[in-house]
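Student: Given next are the chains, with one letter for each unit.
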Amino acid sequence: MDELVHQSEGRAVREGRSVSETKPAVEIRLLSDPMYLAGARELVLGLTRRLGFRQDESGRIALAVDEALANVINHGYGRQLDKPIWMSIWPNAKPGVPGLRIVVEDEAKQIDPDTICGRDLDDIKPGGLGVHIIKEVMDSVVYERREKVGMRLIMTKALTPKPTSAREHANG
Amino acid sequence: MASPNELEVVWESRDGTTILKPDGDIDLSRSPTLRTDIRRAFDDKPKRLVIDLSGVSYMDSSGVATLVEAMQLSRKSNAKLVLCSLTDRVHSIFEIARLDQFFTITTTLDEAVSA
Chain S
1 MDELVHQSEG RAVREGRSVS ETKPAVEIRL LSDPMYLAGA RELVLGLTRR
51 LGFRQDESGR IALAVDEALA NVINHGYGRQ LDKPIWMSIW PNAKPGVPGL
101 RIVVEDEAKQ IDPDTICGRD LDDIKPGGLG VHIIKEVMDS VVYERREKVG
151 MRLIMTKALT PKPTSAREHA NG
Chain B
1 MASPNELEVV WESRDGTTIL KPDGDIDLSR SPTLRTDIRR AFDDKPKRLV
51 IDLSGVSYMD SSGVATLVEA MQLSRKSNAK LVLCSLTDRV HSIFEIARLD
101 QFFTITTTLD EAVSA
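If you're matching them up, the sequences are chains S and B in order. Residue 120 in this note's numbering sits at position 120 of the first sequence, with consecutive numbering throughout. Residue 53 in this note's numbering sits at position 53 of the second sequence, with consecutive numbering throughout.
Heads up, a few of these hints could be off.
Per label pair, the in silico range of CB-to-CB distance [said to hold, decoys possible]:
1) B:114 with S:84: 35 to 45 Å
2) S:35 with B:10: 14 to 24 Å
3) S:145 with B:43: 21 to 31 Å
4) B:110 with S:158: 36 to 46 Å
5) S:49 with B:32: 22 to 32 Å
6) B:8 with S:127: 23 to 33 Å
7) B:95 with S:20: 29 to 39 Å
8) B:95 with S:145: 49 to 59 Å
9) S:127 with B:108: 23 to 33 Å
10) S:95 with B:76: 45 to 55 Å
11) S:111 with B:44: 41 to 51 Å
12) S:20 with B:102: 42 to 52 Å
13) B:57 with S:50: 34 to 44 Å
14) B:98 with S:158: 20 to 30 Å
Derived by calculation from the structure, the hints in this document are not laboratory data. Quantities reported herein were computed from a predicted structural model and do not represent experimental measurements. Ideal placement from N, C-alpha and C gives every residue a C-beta, glycine not left out.
Full structure from sequences and hints, please.
Tutor: And the structure:
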């Protein structure tokens, strides 16, 4: 536990030096082929662990990102396999708040962001869970139209402070 | 032998129960394979279909949708559907989707076969 606390503190120090509010720390472009979802979620899984998220939180964040990308593939591009999707990642939820901000952009058809919602969970049927999962896992979820073509999804998740270890209490 | 991007599903029969054991992540690219196997399994009119998820380390909503469809097929064919041996990560998506009470879920395969 002590080691994790120190890792988290170390990351915060690094963050103060290197985080840019405009330029993402990680940018990837992938094709809209479901085969590449595994690589994208492994990237998110590894990165969130390094940023200090707990293992279960990292798994849920990777799931939310997977669902966001799958929605672009399924609904945005109608399962066309060769269309571009961009994912940009910042190592903070918002300026000064440790965590994660992920932006997913595409060139798919534009829709009214207000019409994007998950299905009623009591109406059990196959499909329609992706948006619900994204909203359940992430702290904030904003869909918007890009300037000329496509949609943009902005998701944030703040890092929950880790409990202070007993030894630190004793020393403090 | 399935290609790396295909889901391998192992079949087993025990006294009228069909057991399907998928091995690997189940996401948008692989859930169609599981869907095909489940439909084929119901074609044989088993009394019970058990899906052993011990080999599945990750599942997304397309995998969950496939299992909801399996539940609908089981009701139509008067068969019992049981899921077993979910990893914590897979169980998590059932909780998020609030489907953990919708399915019969057991801890072990032996429990699933006799549930």
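Student: A separate judgement is required for each hint: does it hold in the structure or not?
Tutor: Hint check results:
1. B:114 with S:84: 35 to 45 Å: Violated - the Cβ-Cβ distance for residue 114 (chain B) and residue 84 (chain S), about 51 Å, lies outside 35 to 45 Å.
2. S:35 with B:10: 14 to 24 Å: 22 Å, holds
3. S:145 with B:43: 21 to 31 Å: 45 Å, violated
4. B:110 with S:158: 36 to 46 Å: 43 Å, holds
5. S:49 with B:32: 22 to 32 Å: Holds: the Cβ-Cβ distance is about 30 Å, inside 22 to 32 Å.
6. B:8 with S:127: 23 to 33 Å: The hinted range 23 to 33 Å holds for residue 8 (chain B) and residue 127 (chain S), with Cβ atoms some 24 Å apart.
7. B:95 with S:20: 29 to 39 Å: 36 Å, holds
8. B:95 with S:145: 49 to 59 Å: 33 Å, violated
9. S:127 with B:108: 23 to 33 Å: Hint holds: Cβ distance 30 Å, inside 23 to 33 Å.
10. S:95 with B:76: 45 to 55 Å: 54 Å, holds
11. S:111 with B:44: 41 to 51 Å: 42 Å Cβ-Cβ, so the 41 to 51 Å window holds.
12. S:20 with B:102: 42 to 52 Å: 45 Å, holds
13. B:57 with S:50: 34 to 44 Å: For residue 57 (chain B) and residue 50 (chain S) the Cβ distance comes to about 20 Å; the hint is violated.
14. B:98 with S:158: 20 to 30 Å: Given range 20 to 30 Å: holds, Cβ gap about 24 Å.
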